[in-house]
Amino acid sequence: MTAPDPHERDERAEVVERHDGRLGFVRVVNTLISVVTGLFALGLAVHIVLVLGNANMENGFAQFVTSWANAVDLGFDNLFTPANENLRVLLNEGLAAILWLVIGAVLTTLIARIALAGPDRPVWYRRRVVR
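Quick note on numbering: the sequence shown equals residues 1 to 131 in the numbering used here.
The set of hints was computed from the structure by calculation and includes no laboratory data.
Keep in mind the model is a prediction, meaning the values are calculated, not measured.
Be aware that a few hints might be false.
Label pairs and their in silico Cβ distance ranges [said to hold, decoys possible]:
| # | residue 1 | residue 2 | range |
| --- | --- | --- | --- |
| 1 | Val28 | Glu58 | 38 to 44 Å |
| 2 | Leu107 | Leu87 | 27 to 33 Å |
| 3 | Thr109 | Phe61 | 31 to 37 Å |
| 4 | Glu58 | Ile98 | 26 to 32 Å |
| 5 | Arg27 | Val102 | 18 to 24 Å |
For each residue, glycine too, the CB sits at the ideal point set by N, CA and C.
With the sequences and hints as input, model every part of the structure.
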């Protein structure tokens with residue numbers, strides 16, 4: 001058995017968990033925001049695919065997706081007005097979908113920074129040097 005070299009460093013990652021209620025609450029709120037804004041963007045993306053694929057808009061699923069997309073398009077339904085209907089839907093609803101994802105990212109970042117500001121900010125891991 002060889003003796004350990006005193007000049008070698010043994011680095012180990014130590015996981016540090018925080019179990020206070022505030023961190024758990026912020027995680028739940030941020031997850032809900034991410035899920036909702038992601039669903040809105042997904043609904044718009046599905047509607048874009050249906051329009052570009054010339055789906056039968058009399059179908060029940062297509063009508064549901066169209067009504068969902070109209071409800072969450074952030075008022076962008078006539079922002080761009082090219083003559084081609086497919087391009088109009090792609091530009092307007094594509095922009096709305098991207099904006100929903102940006103809104104979700106900004107909200108979750110702000111909530112985490114405000115609610116977990118200062119020395120109580122969670123530490124996910126830290127590297128520890130053992131000598």
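Results for each hint:
1. A C-beta distance of roughly 40 Å is found between Val28 and Glu58, which places it inside the suggested range of 38 to 44 Å.
2. At roughly 30 Å, the beta carbons of Leu107 and Leu87 sit within the given window of 27 to 33 Å.
3. Roughly 35 Å separates the CB atoms of Thr109 and Phe61, a value that falls within the hinted 31 to 37 Å.
4. At about 29 Å, the CB distance of Glu58 to Ile98 agrees with the hint of 26 to 32 Å.
5. Remark: the range hint 18 to 24 Å for Arg27 to Val102 is upheld by a beta-carbon distance near 21 Å.
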